[in-house]
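Colleague: Chain by chain, the residues:
Number of protein chains: 2
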Amino acid sequence: MTSTSQQYPEINPPPRTLLGPGPSMVDPRVLKAMATPLVGHLDPYFIELMNHTQQLLRYVFETENPLTIPVSGTGSAAMEASVANMVEPGDKVLVCANGYFGHRLADMAERYGGDVQIIVRPWGDVFSPEEVSAALKARPAQVVAIVQAETSTGALQPVDEIAKIVHEAGALLIVDAVTSLGGVPVRVDAIGIDVCYSGSQKCLSCPPGIGPLTLSERAVQKLTTRSSKVRNWYLDLGEVRKYWGSERTYHHTAPISANYALYEGLRIIAEEGLEARWERHRRNAELLWNGLEALGIELHVPLEHRLPTLTTPRVPEGVDEAQVRRHLLDHYNIEISGGLGELKGKVWRIGLMGYSSRRENVLLLLAALEETLTQFRK
Amino acid sequence: MTSTSQQYPEINPPPRTLLGPGPSMVDPRVLKAMATPLVGHLDPYFIELMNHTQQLLRYVFETENPLTIPVSGTGSAAMEASVANMVEPGDKVLVCANGYFGHRLADMAERYGGDVQIIVRPWGDVFSPEEVSAALKARPAQVVAIVQAETSTGALQPVDEIAKIVHEAGALLIVDAVTSLGGVPVRVDAIGIDVCYSGSQKCLSCPPGIGPLTLSERAVQKLTTRSSKVRNWYLDLGEVRKYWGSERTYHHTAPISANYALYEGLRIIAEEGLEARWERHRRNAELLWNGLEALGIELHVPLEHRLPTLTTPRVPEGVDEAQVRRHLLDHYNIEISGGLGELKGKVWRIGLMGYSSRRENVLLLLAALEETLTQFRK
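Going down the list, the protein sequences come from chains A and B.
Numbers given in the working numbering equal positions in the first sequence, counted from 1, plus 1.
Numbers given in the working numbering equal positions in the second sequence, counted from 1, plus 1.
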């Protein structure tokens, strides 16, 4: 291939401040870990790293679950692993959908043969325990799925009471913690979540490509007593767990570098401490909220259910939201995101997650947004 | 979490020479690319990189297929993407299995509801066109799957004639090129392969976690005329292609760093040139073969079907193969691998792929192996 270097230049991305819904910015320590030379996926060194990673993941998930592992794909793969392993064809599944990711859970559950019932709330609202209770009384289910931190709306769904209701109804609870883990409390064991998954590229501030997941004893019981094979080879946790367990049986080649990154990202979290980290996310979010309101911008989600990790300001009347985003990117190297689905064109999505959740980023964004809005309102 | 740094030390792996079946060693240029700060998965910079990556992948696959992309998982995920998208429930599938990965293809096809027939050959043998022809005459199929480079046996399966037979029978051909792409010719368009997939961590010499895949027009036709949804959300190519196509619709967050790595790895291949690269793999493999035979070690696969990228020497009588591998790892920092499945305990697996395929690695391994065998034969 001739003149490759001209046609295909060396990687040299613009220096973005990433304040969208993910990927968030990656700590230089994690980037350094990514550049570490590889060892094999069955190397004794790597196996020790796997053990340490599992311990650190349990700390972050606040769980003692033995089956706490990273799945070899993004948060979406961890979501699919949860659904694929917990839903057998014909299983009755209740999905609570108040945003894009709730509906995706329903789509996945249907693909795995689940008999899916969806209850919905407007995007930005949360479900009350009574709604879930009523739905389960009207039609019992084996599995209930709900999103704790809806990345498409910025709403934080309380799941404490819902977990009790689900268990009283004899069902398993799957909770999406993609945009919460490491940024707001998830408390898997205290709440009694059966399957909880997340992504690496949000509050854990690692590159996307690896998806943490934890299964309760009840969930493992369901996994091991399935009457049919999991309809997904790559994400079959019955097989994957033999690699992460004492057998160390080869299943697929682990993404070594992504595991390095996750380990380093988790070390950083452990050093900061979960409580301090939640507090930092809260503090920087409040700075953003106050600043946005001072600019006369409304926030889509009421304070009581507002997610500190992802904020959804409403696009002011008469403003072209895409033009603003493009201007922020081109003139300030800041990435924020537009709305998804029902909220497309109506809100922006601003993430303050992990390494991106810093006071200087909030101040920069507010200043840039003020300048931009002034310009485009003229 | 107290005293994290003591409990969880900084990443500092032993400096391994990776000569197993993958991951192979990663070029320092690719490691550097992995450490590059991230941009968003819809950033104009990233979209340009995606376009360039697709062009380079087409070069390596030797194809003009528009739908040539990396899947967001390891080679196993690319394998599953191929099967999940091409096999609809009830489809008749013929799988040619002469090793571990052929049987895995059959397992996957069954999980997706395929009506699977397996023809088998001893591990290390290859299929003749006549065998495939006879099988298709006895039972027509919609899809035929075969492994070009069987990582479990070291056999190189010719697929030219088989492709013609499959097409004459009106079926689609899926070819596993995990251990061949970038190391031996694959020639997707010249042969007429309909679906061809690979992994990043073999001859492309990138970290594991991203799986190149290409679909012919016929395969895209099958994809777009399916009567049912793909039973896999994450790997649904009908959705994934909207992100890689002009729509740029969000599906899941692309693994940005793995894409950086793949791009850099492909640039290196384009600079070396495919022909020169095949020649290098062949030359170093021959050096290894001659050296092993000089040590009195038999090679499991006859020369005519021997894969240059992965060699399977038979374990000499009276030698504990695991002890040898452990010694090579502990005393020489060299990783080679043991046999899988039928060949467990009977062969070693030595990979000379991508950046690992270097003369100095062969010489080091031969010297280390000679010392080790001398010691353990005493």
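I should point out that these hints are in silico values taken from the structure, not numbers from a laboratory.
There could be a bad hint or two in this list.
Identical copies look the same in the list; a pair holds intra-copy or inter-copy alike.
[What the hints assert, rightly or not] Taking lysine-lysine pairs in the DSS-like style, the calculated list, with each CA pair at most 30 angstroms apart, reads:
(1) K93 - K138
(2) K230 - K93
(3) K138 - K165
(4) K230 - K345
(5) K93 - K165
Colleague: If a hint holds in the structure, say so; if it doesn't, say that too.
Modeller: Results of checking the hints against the structure:
no. : hint        : in the structure
1   : K93 - K138  : within (13 angstroms within a copy, 43 angstroms between copies)
2   : K230 - K93  : both (18 angstroms within a copy, 19 angstroms between copies)
3   : K138 - K165 : within (14 angstroms within a copy, 59 angstroms between copies)
4   : K230 - K345 : between (39 angstroms within a copy, 25 angstroms between copies)
5   : K93 - K165  : within (18 angstroms within a copy, 46 angstroms between copies)
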